[in-house]
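Novice: Could you slot chain B onto chain A? The hints should help.
There are 2 protein chains.
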Amino acid sequence: MSLEKLFNPRGIAIAGASGDPTRPGGQTVRALNQYGYQGGIYPINPRYSELAGHKCYPSISAIDGACDLVVIALPAAQTPALLRECGAKGIGFAVILGGGFRETGEEGARIEAEMLAAAKESKVRVIGPNCLGLVNVHAHVFAAFGSIARDPAHTPGGVSAVIQSGGFGNGLVLQCSLAGVGFRYIVASGNESDITAPELMSAFVDDPHTKVILAYLEGVTDGRGLMEIGRRALAARKPILILKAGNTEQGKRAAASHTANLTGQYDIYRAAFRQCGIIEVTDIHEAADFALALLAGRLPKGRNVALMGGSGGSAAVFGDAADAVGLTLPPLTAATTALLEKSLPTMGSLKNPIDYTAGYPRPETADSFLRAYSAVLADPGIDQLTFMFASAGRAQLQLAGDLLEQAMPKFNKPVLAFSAMTAEIAPEGFAKLREIGVPVLPSPARVARAMAMLADYAEALARIPKPGTDAPAPAIVLPALPAGAATLDEHASKAVLAAAGVPVTRDVLLPPGRETVDDTMKFPLAVKIVSRDIAHRSDIGGVRLNVANAQELKEAVAGVTANARRAAPAAQLAGVLVSEMVAGGVETIVGVVNDAGFGPVVAFGIGGVMAEAIRDMSYRVAPFGPDDARAMIDEIRLRALLDGGRGRPACDIDALAGILVRVSELAWQMRERLAEMDINPLIVGPQGAVAADALVVLR
Amino acid sequence: MSLEKLFNPRGIAIAGASGDPTRPGGQTVRALNQYGYQGGIYPINPRYSELAGHKCYPSISAIDGACDLVVIALPAAQTPALLRECGAKGIGFAVILGGGFRETGEEGARIEAEMLAAAKESKVRVIGPNCLGLVNVHAHVFAAFGSIARDPAHTPGGVSAVIQSGGFGNGLVLQCSLAGVGFRYIVASGNESDITAPELMSAFVDDPHTKVILAYLEGVTDGRGLMEIGRRALAARKPILILKAGNTEQGKRAAASHTANLTGQYDIYRAAFRQCGIIEVTDIHEAADFALALLAGRLPKGRNVALMGGSGGSAAVFGDAADAVGLTLPPLTAATTALLEKSLPTMGSLKNPIDYTAGYPRPETADSFLRAYSAVLADPGIDQLTFMFASAGRAQLQLAGDLLEQAMPKFNKPVLAFSAMTAEIAPEGFAKLREIGVPVLPSPARVARAMAMLADYAEALARIPKPGTDAPAPAIVLPALPAGAATLDEHASKAVLAAAGVPVTRDVLLPPGRETVDDTMKFPLAVKIVSRDIAHRSDIGGVRLNVANAQELKEAVAGVTANARRAAPAAQLAGVLVSEMVAGGVETIVGVVNDAGFGPVVAFGIGGVMAEAIRDMSYRVAPFGPDDARAMIDEIRLRALLDGGRGRPACDIDALAGILVRVSELAWQMRERLAEMDINPLIVGPQGAVAADALVVLR
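Protein chains in written order, with the working numbering: chain A, 1 to 699; chain B, 1001 to 1699.
Don't read these hints as lab results, they were simulated from the structure.
Beta carbons: idealized from backbone N, C-alpha and C, even for Gly.
Heads up, some of the hints might be wrong.
Unchecked claim - What follows is a set of in silico ranges between Cβ atoms, one per label pair, in the way DEER data are often shown:
(1) B/G1607 to A/P626: 29 to 39 Å
(2) B/G1036 to A/V325: 41 to 51 Å
(3) B/D1539 to A/A483: 53 to 63 Å
(4) B/D1539 to A/Q687: 17 to 27 Å
Said to hold, decoys possible - Computed list of chain A residues with no C-beta within reach of chain B, every gap over 12 Å:
(5) Q34
(6) A118
(7) T221
(8) A378
(9) R699
The shape of chain A in the complex, shown without the other chains (with noise of 0.2 Å):
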């Protein structure tokens, strides 16, 4: 349902209205005034007869013009009665500002649950409760108390932004304003009983005038939702910018004192947020630099970049920092470097970084200098530009905005600026250079990574599929599966995956008393015993591996069972699983967790204790395609065990991305029945892969 009207409503009543402007009723009305809303106010307080300038009104029935939306700011208690009240008057919309609910406890929760039960039965939908409410810059809609309603004013903009904590999310936007970003609509969320910051995401996707999404969550407890409003925006072109917090055990239990959102591992939201394109960020900062470089409006077409600047040492930080995310700056073409030659001074370096030397671009060198931009902007090898100002003064901002200003329109591509200056001691050139969309960031690392994002965002943007070509998986038709939770054999367990495509390898399992196999099955063998009261074979001497003949074979079948007798007699014994062996390759570990946020999730590592002690894996929610898989087999500190050398042949990437898109189509297919899946190991060689142990547990 639209929220236009909670965003952009004809009245405002204030529930709990108040002439004392340190409660949140009181902070409310004054905002509405002072900033100038335009709508109704319609203060309610039956002890008074005006408030504030305003007509006061004994309660929500008796008001006498159009009103969308309630700000209630009431004990928790009178909520649910004045909900109906609402819901009777056909006001849509309400804003709980007051806490007293399931934050503070057992009775909180009964409290909360029924004035969500009192919302949903008169079609009211609400904001909050416990928060500090939400704001439309543009329309001076101040549903709010507290800093956020409060000066400095916002300024108008094309961010909107949700906040899972009003006091930080506030700086946030406080912080992203000071650096100059505009606003647009500001929502702390607070409790989310009924609306959820994905639904407040979703709602600014489909607002015209937000162009980019900024959030502070803690968490969501619909993770594929959000995913699905990520892909929304992402072929909408509208950037989404989060901040997670609540990612370690020290910040969970922060988090964990004042909200009921937190769920899911930080490993698992980052790869939802790179499935789905969403953009991280990682400081306050750095939500303002990104803001402003994504509202700009120009995006790169890879990863190349060109620098020209004045001083030598902000080039060597930024070559630093780009080294560090992945930017390039290759090399000019020869007639780009030819233009450069005739236009700049040559005791710089004309080569990328351009060195032009400091105090070069003066009013008479302008025209040369036009020509240098507009050459470098035209090399087809750069996708962005980005100027070292450093401490340069006014003048040269000034001349270069002017420069930049004719130069760039011609070339759809991003140009950055560093400087050490502020719009304070440099207006002019600030405001230039604003104007033409040219972020200016204070240090070259963060220009560096700001241009990493925009790349990065271009290439999600590159990877949303083509119509058509996103067709679902066809069904894999499974063995049949026992009722219930239960934890399927190895057997079982790689029959399951054998349906789904995955290459496993041979095994037969030989009841209790056999203990030889076919002419088929090809030696060295692995031994195992199988026992569902037996979770660690191999310490109780279960296993045998490397079994070279039929007599060692005999020998090992009598081993293992006599092994796991003694070891625990009371063990009821399946048999003994025999499995032909691989030889070389790779092991590698494949999981599947099924998240309560996120639903299965596939996981991906390098065997062994070395990988283990690294916690080297990489994530992605199911189902994903191949695009994903190689991001995912990528993204692993360890990749380049998987390339070969020393006389191991290179892994066979195309054959493990396969089996990783097809875990993860069986895994989304098995969603309801699925609690674990473990392929360990998973034996890449140079052709193709081979699972050779796995566990499949159902719930």
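Specialist: Below, chain B without anything else, positioned relative to chain A:
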């Protein structure tokens, strides 16, 4: 020698003075006039008798007042003669602004050498050439041009800075100034022909009014000299902050175009910084944050922090950042908790992090808050305190400042704060917090990193050796070494290590023809061909491992000899090395490189392709003691592999650390002869560690 008169000259001559403020010489005169330098100003220019209100002199020799410093704004070729004039006149210091020296090529390098010879001969010390010059902010000395001599003027304060790039470095200084950091001396050191960045830092250590030293470095030629200054600064409790650039391929390439200072690997710089207590900063805003935190002057006793605030989101963000930098938010004592229960509203959380809810701090609750602040500061388990003001407004900041002013003096603990406000928005609160030494930073994560830096610095101070405990290691009695460059074979290399007290596997070199060993050698044995002409002996079948008995030994000796003869018929065979093998343990690698700037540097890592794939090595400049050895062991990402688990015993870390120390002492003693050294593997077992193979390369 003292640089006192360089920074505080009685008079300044400007050679190449000009009335044109676009020319360097003109800018210096303008800055000296404009910012109120009180000493003598002596423009030198034979064409004028008066310039910008000052008597103008035809030559240096004509100066008729006290003069300690000349600023040279003349073509490079004129500088040698001018320096001789200065020497004759008794002027001890020169700042050479202009370029045209070795940064321009061969002819420039010749002029620079001539200039330097003239300076030495005339006993004139030189800053530059090719630099923006120096500033003494307190005394308004501007021996400078360009951005460093221009508005906005710097605030006076306790930070002295040396910058190896004028444009970027001055931007660094400017951004720090805008964040509230005051400066004393600022020197752009240019080509560093004579006075280098380390010499300037050394002078700052000796300057009683410099409290913190800031440097932008691209490299130093004397790495050990830098470390010595770092140690001296640490002993004087003057923190050194370094922003190091040119650390990656692209960063190096960019820096190479404008500097001659680039030496050494980034890994080695970072190790050296840690060893001598230098604090690395990774971006401009971090330099500002860290400088503010250090200028406040308090250091923590440990890594435990308490958080108070009204913004749960800020606490979550802080918690995540604290996790990443190794800060702990521990539980408070029962006594503290009891005091908080009496003082703060119970609707928030009274556990650390302490959430007093956003609206509660008001003048009428001031007494309660004062008690709460004092209780937390008094908690013996808390080393630092942070306030998350987030978007709290003017009144709360001012109130907190007033209360902290009363609470803090009793407890010498650092207090830092996050506020999204600025000094412009909340001037009174910011001024009060600054006055009492509470740095206010614009994000919770940045506060966490600054607090972690304080803890790191306090730990570096605690590591300073007590007098008498850092006696030099006794000299190692080495076996006879060949003269000149030579690669020692495994047997000889292990003898060198053994001389230094590093346990090595027992071995015997069998000359050609012999194929038995005496009874004292314990099987299993490793058998390796020994020849200076064969580099990769395992590739040609020159190595046999796990030789179990005398018969196998015979075959192995014959086998590796035959393989070597077949693969390298021309190679001269020294014989066959037979070594005892070590069972179990973790294979590690210990290496030594002899760096041009830092001398011998020891490297440590885990053996094998995985560790190599993630380049998991740590470094320390030799020699070093057990603390550094343990730190370098703890630094590697695969550290957990040394802890055992899964049936493997824990490694003997004491023995490993001891070996690293002995290798470092050996490398230091052999520094004139050593090219490189490799112990691969050093097998670390549950009791002791032993070098199973070694290579020493002499130069």
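Novice: Hint by hint, note whether the structure agrees.
Specialist: Against the structure, the hints:
{"no.": "1", "hint": "B/G1607 to A/P626: 29 to 39 Å", "result": "holds, 35 Å"}
{"no.": "2", "hint": "B/G1036 to A/V325: 41 to 51 Å", "result": "holds, 45 Å"}
{"no.": "3", "hint": "B/D1539 to A/A483: 53 to 63 Å", "result": "holds, 58 Å"}
{"no.": "4", "hint": "B/D1539 to A/Q687: 17 to 27 Å", "result": "holds, 25 Å"}
{"no.": "5", "hint": "Q34", "result": "holds, 14 Å"}
{"no.": "6", "hint": "A118", "result": "holds, 24 Å"}
{"no.": "7", "hint": "T221", "result": "holds, 17 Å"}
{"no.": "8", "hint": "A378", "result": "holds, 22 Å"}
{"no.": "9", "hint": "R699", "result": "holds, 28 Å"}
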